[in-house]
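*Asks:* Model the full structure from these sequences, guided by the hints.
First to last, the sequence lines map onto chains U and S. In terms of our numbering, the first sequence opens at residue 23 and continues consecutively. In terms of our numbering, the second sequence opens at residue 35 and continues consecutively.
Everything labelled a hint here was simulated from the structure, so no lab data went into it. Where hints are given, some of them may not hold.
Unchecked claim - In the DSS-like style, the derived pairs of lysine-lysine whose C-alpha atoms are separated by at most 25 Å in a straight line are:
hint, chain 1, residue 1, chain 2, residue 2
1, U, LYS64, U, LYS121
2, S, LYS105, U, LYS121
3, U, LYS90, U, LYS121
4, S, LYS105, S, LYS43
5, U, LYS121, U, LYS78
6, U, LYS78, U, LYS64
7, U, LYS93, U, LYS78
8, S, LYS104, S, LYS43
9, U, LYS93, U, LYS121
10, S, LYS91, U, LYS121
11, S, LYS105, S, LYS117
12, S, LYS104, U, LYS121
13, S, LYS117, S, LYS91
14, U, LYS64, S, LYS43
15, S, LYS105, U, LYS64
Said to hold, decoys possible - Listed next, the stretches of chain S that the computed footprint assigns to chain U, with coverage defined by at least 3 CB atoms under 8 Å from CB atoms of chain U:
hint, stretch
16, 79 to 89
17, 128 to 142
Glycine is no exception: its CB is placed at the ideal position from the N, C-alpha and C atoms.
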Amino acid sequence: GESVGLHLPTLSVQEGDNSIINCAYSNSASDYFIWYKQESGKGPQFIIDIRSNMDKRQGQRVTVLLNKTVKHLSLQIAATQPGDSAVYFCAENLGGNEKLTFGTGTRLTIIP
Amino acid sequence: DGGITQSPKYLFRKEGQNVTLSCEQNLNHDAMYWYRQDPGQGLRLIYYSQIVNDFQKGDIAEGYSVSREKKESFPLTVTSAQKNPTAFYLCASSRTAGHQPQHFGDGTRLSIL
Numbered sequence: 023g024e025s026v027g028l029h030l031p032t033l034s035v036q037e038g039d040n041s042i043i044n045c046a047y048s049n050s051a052s053d054y055f056i057w058y059k060q061e062s063g064k065g066p067q068f069i070i071d072i073r074s075n076m077d078k079r080q081g082q083r084v085t086v087l088l089n090k091t092v093k094h095l096s097l098q099i100a101a102t103q104p105g106d107s108a109v110y111f112c113a114e115n116l117g118g119n120e121k122l123t124f125g126t127g128t129r130l131t132i133i134p
Numbered sequence: 035d036g037g038i039t040q041s042p043k044y045l046f047r048k049e050g051q052n053v054t055l056s057c058e059q060n061l062n063h064d065a066m067y068w069y070r071q072d073p074g075q076g077l078r079l080i081y082y083s084q085i086v087n088d089f090q091k092g093d094i095a096e097g098y099s100v101s102r103e104k105k106e107s108f109p110l111t112v113t114s115a116q117k118n119p120t121a122f123y124l125c126a127s128s129r130t131a132g133h134q135p136q137h138f139g140d141g142t143r144l145s146i147l
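*Replies:* And the structure:
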């Protein structure tokens with residue numbers, strides 16, 4: 023079925039280190055993926071997206087990797103800063119579907 | 035600044051009362067969405083609208099109603115039929131439905147008195 027999950031519910035990283043947040047999806051027909059960041063009391067903020075015809079996409083300090091063979095998505099954040107502390111969600115879109123399916127999120131805490 | 039505005043930020047509902055949450059966007063997006071977020075859970079889709087005067091039920095539409103009379107506006111009514119309305123409600127929009135990033139407002143937190 024269509025589901026999105028995360029390997030770790032919480033992640034603590036030392037400031038300045040790199041962090042990797044993982045996401046597994048179950049539907050091989052999903053062809054579009056998004057990462058969001060949500061700070062406490064706010065709405066999710068778009069970080070980066072990737073389509074299934076790509077394996078990697080880079081933004082400012084962030085990289086998303088897509089492994090379609092094992093249905094795995096990851097978000098890498100380089101040189102983490104205190105402002106990176108938040109909950110990170112992945113979301114998938116099944117081809118031809120108007121809806122996104124969201125995972126439950128990983129809480130990232132940056133240790134000063 | 036272009037964006038999505040949700041109001042009010044906090045809302046309290048009495049038993050048996052309907053309440054309406056406002057969502058306005060000035061991004062000229064065709065598609066709009068309402069989600070519910072409960073503690074420790076992902077977002078669940080309540081209703082979505084791909085175009086003005088059209089909307090579809092999401093995964094948890096029971097006890098909610100919407101309208102889409104204007105492109106910019108997609109209000110959500112939480113009716114008395116919704117027995118567990120306490121949650122964080124998020125509105126989003128995207129240029130079109132599907133394969134587009136959805137952009138979110140800052141939510142309305144609804145509580146029961």
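*Asks:* Assess, step by step, whether the Cα of U:LYS64 is no farther than 25 Å from the Cα of U:LYS121, and give holds or violated.
*Replies:* holds (21 Å)
*Asks:* With a cut-off of 8 Å between beta carbons, are at least three residues of the stretch 128 to 142 of chain S near chain U?
*Replies:* n = 10 at 8 Å, threshold three: holds.
*Asks:* S:LYS105 and S:LYS43: Cα distance at most 25 Å?
*Replies:* holds (22 Å)
*Asks:* For a C-alpha distance cap of 25 Å, please report whether S:LYS117 and S:LYS91 respect it.
*Replies:* holds (18 Å)
*Asks:* Given the hinted pair S:LYS104 and S:LYS43, is their Cα-Cα distance within 25 Å?
*Replies:* holds (22 Å)
*Asks:* Apply the coverage criterion to the stretch 79 to 89 of chain S and chain U: a residue qualifies when its Cβ sits closer than 8 Å to a Cβ of the chain, and three qualifying residues are needed.
*Replies:* holds (count 3)
*Asks:* Compare the distance between the alpha carbons of U:LYS64 and S:LYS43 with 25 Å, and conclude whether the hinted pair is satisfied.
*Replies:* holds (10 Å)
*Asks:* Between S:LYS105 and U:LYS64, is the straight-line Cα distance small enough, at 25 Å or below?
*Replies:* With Cα atoms ~24 Å apart, S:LYS105 and U:LYS64 stay inside 25 Å; holds.
*Asks:* Between S:LYS91 and U:LYS121, is the straight-line Cα distance small enough, at 25 Å or below?
*Replies:* holds (11 Å)
*Asks:* Starting from S:LYS105, check that the Cα of U:LYS121 is at most 25 Å away, please.
*Replies:* holds (19 Å)
*Asks:* Starting from U:LYS90, check that the Cα of U:LYS121 is at most 25 Å away, please.
*Replies:* Measuring from Cα to Cα gives roughly 20 Å; hence the hint holds.
*Asks:* Is the straight-line distance between the alpha-carbon of U:LYS78 and that of U:LYS64 25 Å or less?
*Replies:* Not satisfied, since the Cα-Cα distance of roughly 28 Å exceeds 25 Å.
Consistency note: the structure conflicts with the earlier hints numbered 6, 11.
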